[in-house]
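**Q** One-letter residues, chain by chain:
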Amino acid sequence: MSIPDSHGAPEAERAARARHWRRTVRLTAALLLAWFVVGFVVTWFARDLDFPFFGWPFSFWVAAQGGIVVFVVLIAIYARRMARNDRRLADESRPRPEASH
Amino acid sequence: MAIRTRTFAPARSRFLHGPAFTRRLHWIYVAFGLAFLVFVGAMALLEQLGLPRRWIGFLFLVGPIVFYAGIGILSRTTDPTEYYVAGRRVPALYNGMATGADWMSAASFIGMAGTLYLSGYGGLAYILGWTGGFCLVALLIAPYLRKFGQYTIPDFLAARYDGNLVRVIAVVAAIACSFLYVVAQIYGVGLITSRITGVAFEVGVFLGLGGILVCSFLGGMRAVTWTQVAQYIVLLVAYLVPVAWLSIKQHATPVPQATYGYQLQKVIASEKRLQADPAERRVIAVFQARADALDARLADIPAALAAERNVALRRIAELKAANAPQGDIQAAERELARVPRDADAARDEWTRERDANLERARPLAGMPAHAQQFAGDPHGDPAARRAFDDSRHNFIALVFCLMVGTASLPHVLTRFYTTPSVAEARASVAWSLLFIVLLYLTAPALAVLVKVEVFDALVGTRFDQLPAWINNWAHVDPSLLQVDDVNGDGILQLGEMKINGDIVVLATPEIASLPYVISGLVAAGGLAAALSTADGLLLTIANALSHDLWFRIVDPKAPATKRVTVSKVLLLMVALGAAYVTAQKPGDILLLVSWAFSIAASAFFPALVLGVFWKRANRWGAAAAMVGGLGLTLYYALVNQPGVREAFGVTSPIQLWWGIQPIAAGLFGVPFGFALLVAVSLVTPPPSRAAREMVDEVRLP
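Chains as they are written, first to last, in the numbering used here: chain H, 1 to 101; chain F, 1 to 701.
If you are wondering where the hints come from, they were derived from the structure by calculation, not from laboratory data.
Since the model is a prediction, treat every value here as computed from it, not as a measurement.
Beta carbons: idealized from backbone N, C-alpha and C, even for Gly.
There's no promise every hint is true.
[To be verified] Computed Cβ-Cβ distance ranges for the label pairs, DEER-style:
(1) Gly41(F) - Asp91(H): 51 to 57 angstroms
(2) Thr28(H) - Pro19(F): 27 to 33 angstroms
(3) Val554(F) - Ala29(H): 38 to 44 angstroms
(4) His379(F) - Arg14(H): 57 to 63 angstroms
[Unchecked claim] Counterexamples of contact, computed for chain H against chain F with all Cβ distances above 10 angstroms:
(5) Pro10
(6) Glu11
(7) Ala12
(8) Ala15
(9) Phe51
(10) Asp91
(11) Glu92
(12) Arg94
Chain F on its own, in the form it takes in the complex (with noise of 0.2 angstroms):
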């Protein structure tokens, strides 16, 4: 380990290390918490002056971005050891709270709670398998990355078996998983920005752009590690700030996590209320019939086609004879504009609408009942059996792919090599996870929060006389909030009502009726979210492409302060690109992110894991791992995935194996690899000398 020693030592002498480092750092993040503190009173003194709102969000976009570019300009450096892995000096808590704002994104923040609220106990396995993941990182993996003590995933992999065949495949596979997952942040970036600013989205994602390069251009890992930390104090004081508010407002206790057992029993009490009433059985009866009148139409669709048509030019006609104002005739000719063109489009629309009507022509607007584990009965006919096994595989094979993926993302692994030593990173992990706890059990606390809200206080209300945030947001994106009166008795009933989950946190100050500054307060934590994922994800992205690629294949020899030259203009080219890609707004994104982790588990984790705890592993086990693991799990997303089928002009009929969602692709994709590296490396000659040392090196402290 020669590298290390050589860098690592003018590191130590040249920057404050140890205690009296920690002792610092402290007191700067404290201060640091009392400054942010003092701008939301603030920006509430201004609120209660007259400040406009618009001008109250901007500062809250630009003022802790601001701050972050501050520690970034401060942090600046060109050394490798300090730009790659911080200068390996981060005690374990400010590991952990890094970790915590790497780690969570803009899913985790405001995706997570309307899930929750959206799928109930379904939600929940985004919870344990997002959580559960970090202990096996724990277990089988940051001690040793630690020990091993380089810069990149590649490295220890290549390190370990033998060469550049497996760091080629783990570059390629890194960069897939991240690449998916930066593109989902920058759009989350430019959401949160043209929403709170009122810019449009392709300048929101380039302002948010800027917002990240200031933190990770100049200072690399060591720049973007402690603005992770000053993020992770926005973000966490953002989330639980409105939860706590609206849980006293609800039951007079400011720790809902403790309590909302009860909330959940009023939910529970509620949804039967629901299921019986009458106004929303008519509301279940209008979509039904909504629906069943386009089934009739998709029967016979160029005679429904025609039909559509005559009425529209009937409808002209009449109008033109009756010289009625031009503004008519036009809305008029528009309506006609908007048939079909022909049999294929009309198909395709009314089968959307179809399906739309139907999903919520379901009781309690299609959500499943809050509390209940898995659909179907297992108990009740064939069909609810065998909806309950369906539910209940998929579930599990959820999490597994969570876990895994989590313990195989290179952007959340890498954090673990700038600890100072083996022991601070075990400890790393752990502050890690209680990190992101304190934000975990708050989501699903909020979830059943705001459906306490809807279900008793909300549902029943007088259409003239709904709270204001639901105007609000009705007017400011119909695709996150929509009501209408179906039934046309007055009243709101659940079935009336379309949400988007991201609603959940975005609405929740104004649930809880607290001052606009609140909002803007969410915001800035949701762009801290959304920022520090995507620092970390484009530092990994940028440096597999330049400290593995360019540096370990091309140019061995390249001095130190060039490596890290080329590292900052790989880094602005790959932001550039994903920023470009965002601005297409490519597909579904989530879909993407959860993507990354069946991806990442089936390409890394069976090399990390049997690289430690098997010597017998080899180069070529690996490498058939990497590629076959990944390769099955591409395969049956390539094959099942809706929406990836069209792209790649797939016709074949979808087909589950044992009824698994190609969301979980990972399932098959990760037991797919282990088995792999075990009976390729039996069949090949045994690792390099140096390769099992590696390993009795790396296993001890």
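Bound conformation, chain H alone (with noise of 0.2 angstroms):
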């Protein structure tokens, strides 16, 4: 992907990239969020999710099985969107024809 430099870019292309930026971050905030409730609030209250799940104890088994399978799932959603993301900032910083000098 070719983006010119930062400096001098044209206003309409830097507020894009902004905007990439901004949709970064709330992405990866709420994927952290998730990440977080996972391995810890779920696991600080283990003792007290313990009803049967499959056979396994709940928490026994978010610990050994659910929650290493979420923390894939949250990398693969990221790599997704982020490439969507990706692919919006080149819509975006593509000097449309009304916008053009």
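Two chains, two separate frames, one set of hints: put the complex together.
**A** Next comes the structure, spelled out in structure tokens:
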């Protein structure tokens, strides 16, 4: 992806980059929240979340299987959503006919 | 980023890349996988034809190493981009496999299932921590490192934080944590080599070193990457095959990962039965009585010591008077020589013995109930409540340190420099974790399957009818497995087995009654895990010295080929140094590995993350955070870690903060680093324009 240097970039493009970064930060924060809930909140209440789940006590299952599968899924979501975010940036920073001088 | 474009362009034209390259890789590794299966099949055939076990074990060590060496020789290079970052053309899928092998060490392959066997839910902290860390790698670090696109972690920090102050601190921290870690890997290599081939441990260490160097010396990251992919395939096959087989033997499904919940129910039922078993209680009473006897002796050491010496002397006198055979007299004299020489030695020895006996005078041989989350009881008496809180806090703290440490270990992060683009770097973290999880989902299942086998089939067997593998392993190494009839009833009780966690993986093929060829396969897998991690670590240390210290600071005008040559010489020196340290068998190896996580976390994590997400972070803040965070972590270790305390002559009483064990010292070091970075940055001038532009640059895809 070729994006010109950020200095002397047209206003529209700089705005597009700022939006790209805002979307990145929002996505990162949302996924980190999910990571925190699975990794720490569920673990904190492990003794209380003891109900049977296909043979495992639920919190044992989360720590041994469920949680780590969720981690893989979170990273996969991040990779896909960020690829989309990158495409949006490329679209938005291409000069539109009415905006071109 | 002039340097990148200059070195990147020739690499692109000279070497294959893109979809054609990926297709060729698919063919090569499918062929490798098939060749490996043929190799295993040939070994099985040779075993049937009567080839001795020693030879099969030997071939399983040498065969794969010859293959890795072949990859190393084919990948030799003097081009810096090839040597340091494999030409930046490793597709996401293959970088995932290489990262998996880089990441999974001897501790993951051999140690983890054993830890889970011994500590049940408590061991899951490692599973959660070592996988959850990759979320931090993906979300906060890998894409930005790739966009920056240089060679090492100190490179990134130096560019972001204006210069060599931060670079030097980063080099020191990177070498410290990688060196601790690599010593443990070489130790693992030596252990496996010596156990399978019967050579001395020190010889095994240097044989293994040969295996490590053939991969990394000629081709640097390029060779290490392509051998790591092959090593991943070997270690995955070697881990999954015996477990699937054991599972079929137990409950007729080859995927225990999906169904071992029901086996866990069996374990829970057996735990109840064993806790109530009178024979188990008698074993516990014997150990308790031994501990009490030692306590009595410890109460008056001089008297007990004199009495013990007298008994031995009288025995010798009696034997001599009775004209007993010379052998008996010598045995009695040896007995006398074993009496501690003075009161201090006696106190040490008897305290140790008493603690060992107390350790075994507990229900379920000292193991907690497998599925029970945390020790103690939140609704019990104050002591039980405190035990519960302590256990819960330490579990969470360990998970935190392992996660943040994972996202800070330089040898793992460097791997994400090697992908062709930022998007592929993101995807490759997902592949990495997927490949790691295949093994990490299996380890807890294996622990439960082996527990079912031990609780339901083994315990209660007569001593003269024990399965052959028990005697084999007790014979090979008594520190791995020991059984003796403590209560004298001729039947094995759980309390009469003393086992080391490592045996769980090593003995699985025999527990599942598989032919010896599968034991050889497991050894090859363990070796692949240790070699691949050691390769990545050695490369990281050597590159920190050659690239960051020598090239960036001492001689920035050095031509490209000279840089690579210097790297290779340093790699050789570091490898020999690490092997030398390993051959001295330094203290508690596993402890060193866990320390590497806390050290890496507190040194790197705040500076790496705020470097991207907070533009105002400057060099003074980063330097303070790295030195301060690391300092606090090391201080907590020095004051509280038994072993480290003695080494540095610390005599002050152990003072734990909120009951947190020193192994999780990063819990204090990391937040302290963040706080320092913010505070010091705000009271010092903002970072340079170049640094702020770099932040803008790495934030773009």
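**Q** Each of the hints needs a verdict: does it hold here or not?
**A** Here's how the hints hold up against the structure:
1. Gly41(F) - Asp91(H): 51 to 57 angstroms: With Cβ atoms ~54 angstroms apart, the hint holds.
2. Thr28(H) - Pro19(F): 27 to 33 angstroms: About 30 angstroms separates the Cβ atoms of Thr28(H) and Pro19(F), which means 27 to 33 angstroms holds.
3. Val554(F) - Ala29(H): 38 to 44 angstroms: holds (42 angstroms)
4. His379(F) - Arg14(H): 57 to 63 angstroms: Because 59 angstroms falls inside the window, the suggested range holds.
5. Pro10: Holds: least Cβ distance 15 angstroms, greater than 10 angstroms.
6. Glu11: holds (15 angstroms)
7. Ala12: holds (15 angstroms)
8. Ala15: holds (14 angstroms)
9. Phe51: Given that every Cβ of chain F is farther than 10 angstroms from that of Phe51(H), nearest at about 12 angstroms, it holds.
10. Asp91: holds (13 angstroms)
11. Glu92: holds (13 angstroms)
12. Arg94: The claim holds: Arg94(H) sits with its nearest Cβ about 15 angstroms from chain F, beyond 10 angstroms.
The structure fails none of the hints (numbered hints given earlier).
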